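Residue numbers (numbering that gives the first Met the number 0), protein chains in the order written: chain A, 0 to 154; chain B, 0 to 335; chain C, 0 to 435.
Worth flagging that the hints you see were computed from the coordinates, not collected in a lab. These figures come from a predicted structure and were not determined experimentally. Keep in mind that the hints are not guaranteed to be accurate.
As the list claims (entries may be wrong) - Derived lysine-lysine pairs resembling BS3-like cross-links, with alpha carbons at most 27 Å apart: (1) C:K422 x B:K2; (2) C:K71 x A:K29; (3) C:K422 x B:K3; (4) B:K3 x B:K278; (5) C:K397 x B:K278; (6) B:K134 x B:K121; (7) B:K205 x C:K71.
As the list claims (entries may be wrong) - Label pairs and their calculated CB-CB ranges: (8) C:M235 x B:D34: 32 to 38 Å; (9) B:D34 x C:P85: 44 to 50 Å; (10) C:V407 x B:D33: 48 to 54 Å.
Note that the Cβ used here is the ideal one computed from N, Cα and C, for glycine as well.
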Amino acid sequence: MEHYSLKINGHVYETGAEPFESLLDVLREKLRLTGSKKGCDEGECGSCTVLLDGKPVLSCILMVSDVRDREVLTVEGLPQGGEPHPIQVEMTERGGIQCGYCTPGIIMSAYALLQENPRPSEDEIRFAIAGNICRCTGYSKIVEALQAAAGTPIR
Amino acid sequence: MTKKRGLGVGSMFYGIGYGFNRADIGSAYIEMADDGTTTVYSGACDMGQGIMTVVAQVAAEVVGANIDTIRVVAADTTSTPDAGPTSGSRATFVQGIAVHEAASDLHDQLMQTAAGMFECEKDELEAHNGDVYLKDANSPIASLAEVAARVHLLGGRCASWGWHDNSTADVDPATSQGDAYASYGWASQLAEVEVDTETGHVKVLKIVSATDAGKAINPVAVEGQIQGGAAMGVGYALYEQHILDEGVPRTDSLAFYLVPTSMDVPEIQCEIVEVYDPKGPFGAKGIAEPATVPTTPAILNAIYDAIGIRITDTPATPERVFQAIQEARARGEFKD
Amino acid sequence: MAQPENATSAAQSGPYDWIGSSVPKVDALDKALGITQYVGDMQMPGMLHARIRWSGVPHAIIRGIDTSEAVKVPGVRAVLTAGDIPGINRYGLAVQDQRVLADDKVRTAADPVALVAADTEQAAEEAITKIKLDLEPLRPILSIEDALDPTAPSIHESGNLFTRTTVRKGDLDQGVKESDVIVEETYRTHLMDHMAMETESSLAYMDPTGVLTIITSTQYPYRDRRQIAPALNLSMNKVRVVQAPIGGGFGRKDDITSEIHAGLLALKTQRPVRLVYTRRDSLIANTKRHPMLMKFRTGARSDGRLTFVDADIYGDTGAYLSLGAFVIKKAGIHACGPYDVPNIRVDTHTLYTNNLSSGAMRGFGVLQAAVAHESQMDQLAHRLGISPIDIRLINTLKPGLATGTGQVMDEGCGIEATVLRIKEYMESHDLRFTRS
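Full structure from sequences and hints, please.
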């Protein structure tokens with residue numbers, strides 16, 4: 000067991016972990032940041048998406064030893080001043096959420112997209128969330144919510 | 000030209016609930032606290048489709064409360080009554096009535112007490128959005144909270160419950176003749192596809208889903224079911240398949256079991272049809288399964304419209320479509 | 000949060016305050032914030048992690064299960080097999096043909112054979128790989144055709160044809176005689192997975208009053224309780240089943256999945272036990288969508304009116320029935336589609352095989368039936384030179400007409416309205432069929 004200081008959502012978390020443990024398991028089981036979900040644990044479904052130094056990554060296939068000295072952002076870190084992020088608001092109000100299990104991963108992929116490209120086209124939105132499987136919505140309302148969050152016209 | 004487009008239609012009906020003499024019940028407790036906030040103990044599971052929200056809407060409507068003052072407690076054998084499973088597209092249809100019954104009775108209790116407070120008949124009163132009105136009057140005479148506090152003060156019953164039995168007799172065992180289901184859902188879909196005749200790959204360009212919700216209690220939630228149902232139908236028609244090798248599953252990872260992504264699911268145009276169902280809550284019908292059933296036949300029919308070849312085995316994978324095209328070519332029945 | 004002004008299609012209508020209004024779902028914001036606790040997100044003090052050892056072969060006699068190496072893995076607190084079940088080792092939704100843990104035989108490649116609870120998931124995972132199974136292979140039944148073979152070995156005592164249902168209406172011969180065109184075709188549908196994003200999961204613990212509490216991803220806690228209590232030899236009022244927030248179900252979670260296993264481990268260890276399926280567990284185990292073989296013959300007159308449907312539907316329910324007989328019966332009830340068909344013969348056959356079991360899945364047999372009846376409708380349309388839209392409009396049920404089971408429609412019959420909506424959409428968007 001090694002000791003890790005992890006920078007997550009602007010805070011420093013101290014934890015013991017085996018070097019080969021996934022960032023996702025450490026977030027969920029050790030730090031109790033359970034917003035990031037485990038849908039497959041093999042990098043296929045996108046439910047565990049977090050940002051690492053601003054880029055979306057799959058935390059289930061990233062070892063905790065790989066994120067030393069780097070900035071991790073999870074869905075819990077998005078609200079500012081106690082207010083939900085506009086992506087979280089639009090996803091809620093426009094029917095982008097059904098079972099909700101893919102939701103944190105989708106929101107993080109979308110957040111990363113909007114940081115890079117504040118006014119994405121529909122195709123760019125669909126491409127950005129192509130690694131996030133959603134089984135409930137057929138993606139339409141997610142795309143609408145992200146267009147609304149970006150302030151771009153909704154089809 | 001290697002890409003050919005086609006249109007296809009699929010229609011269906013779907014018996015809502017259980018039929019076959021199987022228990023098909025809904026039930027809920029409802030309770031209003033002294034401050035006018037309401038708790039509904041609803042035994043119907045919400046898997047994400049939104050029955051808890053429908054329950055809150057029905058309760059708010061019938062009690063006359065603001066929806067923000069309604070809390071719905073999820074299914075629990077210790078705290079909620081048995082409302083049957085959430086399956087068979089039955090939750091809104093069956094549980095909606097049970098909640099309606101519970102909320103109506105609570106509403107009656109409240110109006111009875113309010114009638115005493117304002118020396119009128121309870122039929123002269125109604126409640127909307129947390130306030131009590133004399134019928135046809137514009138300004139409220141009291142808040143539901145004031146009335147609820149009064150009921151509690153007087154030791155009155157500020158709680159109720161509702162039960163709805165949707166069970167139907169089984170059909171005749173020899174002929175299956177009989178009223179198989181209490182009600183039915185209805186839907187038709189149009190699919191537009193593009194078939195690549197070089198590869199057999201089928202791309203769905205558009206789906207139009209006309210789904211009869213009876214009465215859409217929450218239109219955005221209905222659209223969500225329609226779009227999600229169609230996406231699942233796209234997966235069934237084209238991509239998703241468990242492959243067993245001598246009974247042993249080989250598709251044991253999402254790397255092999257292919258679910259549609261945001262790049263695979265096309266625009267899904269929702270056409271909510273509302274043909275009132277006298278047996279449903281506010282005329283509503285079940286839509287969860289009707290929303291997914293027509294997609295696959297619509298896609299298969301669209302493939303035929305595109306290339307003149309009928310795919311009779313699902314899924315219509317590129318290999319299967321390509322092979323069918325090759326066979327048609329060999330028979331001289333396919334024009335490139 | 001009241002009615003949102005910006006809801007995309009909030010058709011606020013009629014005399015209602017809330018009905019018809021697209022209020023945001025009551026549980027959505029918590030999901031967006033990552034606050035919602037699904038079973039896999041929950042922890043309890045002293046909680047153990049569980050894993051299941053699956054059979055791996057589709058049909059075999061169990062000669063022995065050696066757990067001696069598994070129990071030696073550090074952190075392992077329990078390794079259980081069928082002999083450890085305190086109650087009745089049987090359950091099932093329609094008939095009790097499922098074993099909590101395989102005893103005499105394995106009947107699918109995903110039969111649960113042993114359970115492990117350990118301090119960590121890694122220890123539990125390691126332990127299940129160290130369980131040695133001594134299996135004597137039996138000839139597996141792997142197709143509908145195999146299952147229909149009367150000389151094939153029987154998977155259960157009752158034979159491989161579980162049940163047959165029949166729909167009869169009118170006079171089939173008369174219907175054939177009145178037909179100007181008859182389409183005959185065989186359709187095959189495949190095994191599909193529900194693939195809910197959240198896998199099957201339960202957290203079980205003894206509460207301070209001695210009630211076994213199981214927080215689970217389920218579609219029906221009361222029926223779970225009905226199945227859990229006898230297997231664990233508990234009275235039903237000493238079992239509490241709580242529906243956790245669910246990450247999708249689609250019919251899979253209608254059945255018992257992880258509930259009895261988690262409960263059994265909690266009972267044996269007297270510790271909280273969390274059993275969360277891996278994605279692999281979820282893909283290989285529990286119920287799927289029934290593969291069906293459907294032989295259809297459908298007739299119509301030259302004016303497009305349907306004259307008869309003559310069909311055989313064979314459903315592969317795998318080794319355990321679940322709701323299979325109802326799914327396949329429902330396929331038969333719906334085999335004529337939403338149409339007025341005067342003469343009908345439909346037989347359905349529910350068959351056991353050693354394939355993965357199938358049960359309830361969104362569509363419940365009607366999806367498979369629709370693949371057949373809608374393909375038939377199109378084939379008839381093309382043969383008769385009638386558009387696919389028109390042949391449906393000619394035949395749709397309407398108030399006063401009856402379904403294939405003779406149920407007379409009331410004003411709630413909406414099929415014509417949905418076809419007309421599609422027709423209007425095609426006309427207003429200038430969409431035309433290529434081949435009619």
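Quick rundown of the hints versus the structure:
1. C:K422 x B:K2: Answer holds: C:K422 to B:K2 is near 25 Å, not above 27 Å.
2. C:K71 x A:K29: Distance ~26 Å between C:K71 and A:K29 Cα, so the pair holds.
3. C:K422 x B:K3: Given that 27 Å is the threshold and the Cα spacing comes to 22 Å, the pair holds.
4. B:K3 x B:K278: Since the Cα atoms of B:K3 and B:K278 sit roughly 45 Å apart, the hinted pair is violated (cutoff 27 Å).
5. C:K397 x B:K278: holds (17 Å)
6. B:K134 x B:K121: This hinted pair holds, its Cα atoms lying about 10 Å apart.
7. B:K205 x C:K71: Violated - the C-alpha atoms of C:K71 and B:K205 are around 57 Å apart, more than 27 Å.
8. C:M235 x B:D34: 32 to 38 Å: With Cβ atoms ~36 Å apart, the hint holds.
9. B:D34 x C:P85: 44 to 50 Å: holds (47 Å)
10. C:V407 x B:D33: 48 to 54 Å: holds (50 Å)
The structure shown violates the earlier hints numbered 4 and 7.
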